[in-house]
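Chains as they are written, first to last, in my numbering: chain A, 1 to 357; chain B, 1 to 357.
Note that these hints are calculated values from the structure, not bench results.
Heads up, a few of these hints could be off.
Just so you know, same-sequence chains aren't split out, so a pair can sit in one copy or run between any two.
Result set (SDA-like, lysine to any residue): computed pairs, CA atoms no more than 20 angstroms apart in a straight line [what the hints assert, rightly or not]:
hint : residue 1 : residue 2
1    : K224      : S317
2    : K243      : P198
3    : K243      : S42
4    : K199      : S216
There are 2 protein chains.
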Amino acid sequence: MRDLNNLTVAVVGATGAVGREMLSTLAERAFPVKNLLALASSRSAGESVEFGDTSVTVQELTAAALNGVDIALFSAGGSVSAEFGPIAAEAGAVVIDNSSHFRMHEHVPLVVPEVNGQEVVAALQKRVQQIGPRAGAIIANPNCSTIQLVVVLKPLLDSAGLKRVVVSTYQSVSGAGQKGIEELWEQTLAVFNQQEMPKNVFPHPIAFNVLPQIDSFTDNGYTKEEMKVINESRKILAQPDLKITATAVRVPVFSCHAESVNVETARPLSPEDARELLMRSPGIIVLDNPGEMEYPLSSELAGTDATFVGRLRRDESVENGLNMWVVADNLRKGAALNAVQIAEIVLDHWGRESRSH
Amino acid sequence: MRDLNNLTVAVVGATGAVGREMLSTLAERAFPVKNLLALASSRSAGESVEFGDTSVTVQELTAAALNGVDIALFSAGGSVSAEFGPIAAEAGAVVIDNSSHFRMHEHVPLVVPEVNGQEVVAALQKRVQQIGPRAGAIIANPNCSTIQLVVVLKPLLDSAGLKRVVVSTYQSVSGAGQKGIEELWEQTLAVFNQQEMPKNVFPHPIAFNVLPQIDSFTDNGYTKEEMKVINESRKILAQPDLKITATAVRVPVFSCHAESVNVETARPLSPEDARELLMRSPGIIVLDNPGEMEYPLSSELAGTDATFVGRLRRDESVENGLNMWVVADNLRKGAALNAVQIAEIVLDHWGRESRSH
Numbered sequence: 001m002r003d004l005n006n007l008t009v010a011v012v013g014a015t016g017a018v019g020r021e022m023l024s025t026l027a028e029r030a031f032p033v034k035n036l037l038a039l040a041s042s043r044s045a046g047e048s049v050e051f052g053d054t055s056v057t058v059q060e061l062t063a064a065a066l067n068g069v070d071i072a073l074f075s076a077g078g079s080v081s082a083e084f085g086p087i088a089a090e091a092g093a094v095v096i097d098n099s100s101h102f103r104m105h106e107h108v109p110l111v112v113p114e115v116n117g118q119e120v121v122a123a124l125q126k127r128v129q130q131i132g133p134r135a136g137a138i139i140a141n142p143n144c145s146t147i148q149l150v151v152v153l154k155p156l157l158d159s160a161g162l163k164r165v166v167v168s169t170y171q172s173v174s175g176a177g178q179k180g181i182e183e184l185w186e187q188t189l190a191v192f193n194q195q196e197m198p199k200n201v202f203p204h205p206i207a208f209n210v211l212p213q214i215d216s217f218t219d220n221g222y223t224k225e226e227m228k229v230i231n232e233s234r235k236i237l238a239q240p241d242l243k244i245t246a247t248a249v250r251v252p253v254f255s256c257h258a259e260s261v262n263v264e265t266a267r268p269l270s271p272e273d274a275r276e277l278l279m280r281s282p283g284i285i286v287l288d289n290p291g292e293m294e295y296p297l298s299s300e301l302a303g304t305d306a307t308f309v310g311r312l313r314r315d316e317s318v319e320n321g322l323n324m325w326v327v328a329d330n331l332r333k334g335a336a337l338n339a340v341q342i343a344e345i346v347l348d349h350w351g352r353e354s355r356s357h
Numbered sequence: 001m002r003d004l005n006n007l008t009v010a011v012v013g014a015t016g017a018v019g020r021e022m023l024s025t026l027a028e029r030a031f032p033v034k035n036l037l038a039l040a041s042s043r044s045a046g047e048s049v050e051f052g053d054t055s056v057t058v059q060e061l062t063a064a065a066l067n068g069v070d071i072a073l074f075s076a077g078g079s080v081s082a083e084f085g086p087i088a089a090e091a092g093a094v095v096i097d098n099s100s101h102f103r104m105h106e107h108v109p110l111v112v113p114e115v116n117g118q119e120v121v122a123a124l125q126k127r128v129q130q131i132g133p134r135a136g137a138i139i140a141n142p143n144c145s146t147i148q149l150v151v152v153l154k155p156l157l158d159s160a161g162l163k164r165v166v167v168s169t170y171q172s173v174s175g176a177g178q179k180g181i182e183e184l185w186e187q188t189l190a191v192f193n194q195q196e197m198p199k200n201v202f203p204h205p206i207a208f209n210v211l212p213q214i215d216s217f218t219d220n221g222y223t224k225e226e227m228k229v230i231n232e233s234r235k236i237l238a239q240p241d242l243k244i245t246a247t248a249v250r251v252p253v254f255s256c257h258a259e260s261v262n263v264e265t266a267r268p269l270s271p272e273d274a275r276e277l278l279m280r281s282p283g284i285i286v287l288d289n290p291g292e293m294e295y296p297l298s299s300e301l302a303g304t305d306a307t308f309v310g311r312l313r314r315d316e317s318v319e320n321g322l323n324m325w326v327v328a329d330n331l332r333k334g335a336a337l338n339a340v341q342i343a344e345i346v347l348d349h350w351g352r353e354s355r356s357h
């Protein structure tokens, strides 16, 4: 059993853009952390990061550092997760991993709490049965663009079925981490100063440009980012044959990903009914008042928790077609917040387990 | 008959972003202008504009100023076209109008030379039959986002039929004219200087943001820009029932519109065959080499004439589905160049007419 009054929580990759957001989200939501470990590579060890009102010294990530951890939030890249995720889980931690490494593993749940939060509890129960009361586990946190999409698709699926989805994204540079934010800033300054643009993060200049490439290309002409949206959406929604296609585009925006989403539902669903449905669905705020020029804007939604939907309208080009515009903060709902929400499910489950014994 | 050695060409709205581009395009393409009239509102009269190596003084647009004009390129907004377009045509000018005012008029051809250039000649012949040898006419130049879309759709239509088109745009601020360019520039500077952003042109800040609104909203929840893409594409392609939907989005880019285009063809067309087809189609350059991270980029294509296509790939979510990324300079192919290309068809027709007499 876990001692819920004495929880040790580790954030792995604590100095990155998502890691910092994980720390602030844990603090904001008053997650009952007794011992907070901020872990990172040896390069960042010794730095300080903020956790609520306190400052925490970053320690080097080692196997030994993961001993005694109850919950480990990983956001340090796929290779770090591949190496240290299983070590942490073996040592009894529930690993909530923001990298893509485990997402498509058959036995790892890929979770968006509003959509398939119950899979967390099922996975924990199974591990406890197999291993014992302090069994660890690995739970994967999906791709940022996928999370906000499936939050909106889930109620449509449940209410009217999904026949086909076509999504084009408008993704902010913070999706590439702190260094992505810096590159947009520095390139923009270079344009103003008529200097050569620094170019380290993105494949082409992002300042005053749009890039139809996020991550590298796969053999079928899609980028890995596009295939993540396709494959992860299918897994999270438990619709392995979902008809969905994606074009992922980087835009010169600091925070929030926007998506132009075209949906064909299997059964009729009017825009009015879809709006009502989305308004009462978890994690969604409908901002849709064209007369007042009100719709979700990336510039206004940084730091928010919900997935925002607007521009909801009938697509007359197909039976049961809907168009909409979906925006969320990619560092929060798209990463840190979703991970912490998963941690809250874990905590809630442990709480119920301990009360029932 | 026209004296082709003594052509008078007027550019109405000569001081605007598109008007200036019309002047430079006429000069670059060595259009045989004998007398060039730069016309604008009384506010701009007296200013100078560049025409090739010469400087031309802007005159006030009046009915009298349009007397004796052979070809008038209008880009001064819908109300100016509504008032002075018919006056110019009545006085014998072939009006090529870049405003939206006449585009959907039943008897006004809406022309993209690569797609339906033959409609120009048909319209001129009909007017000459009705009125006489020096008959004027009005020909409409389509919306910028529409032009680059139909250039690409036309060969697909001819080769494999079009079942449905879903387009999401990434449109530059120059689509809103010189003042749009200035607003992006000034707002970006204001962000750097931590000052209040000036906001005169766009409904919300455009610096470091994406706006899912271009032009005002219509009753069906679509913007006018989106309805232009839908309705004008149908007219130009002569497919009044074409299944097409659009989401038009402004991005903080100075020049070029990009489009994420999803096409279902009626008959099978492989990405390889589509690529071959587009490579040999007029006005199109295929830039599609993902291995080299090569695809059309807004930042690199300002000042170019072609419509560029890349990211061409199979959409597996539907039978005969294709995804592609389409970029063109909205001030050139999307406006000035297309208008001058129409003028070249007019000139060519007059040349053939005069040689046959």
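Q: Give me the numbers of the hints this structure contradicts, sorted from smallest to largest.
A: 2 and 3
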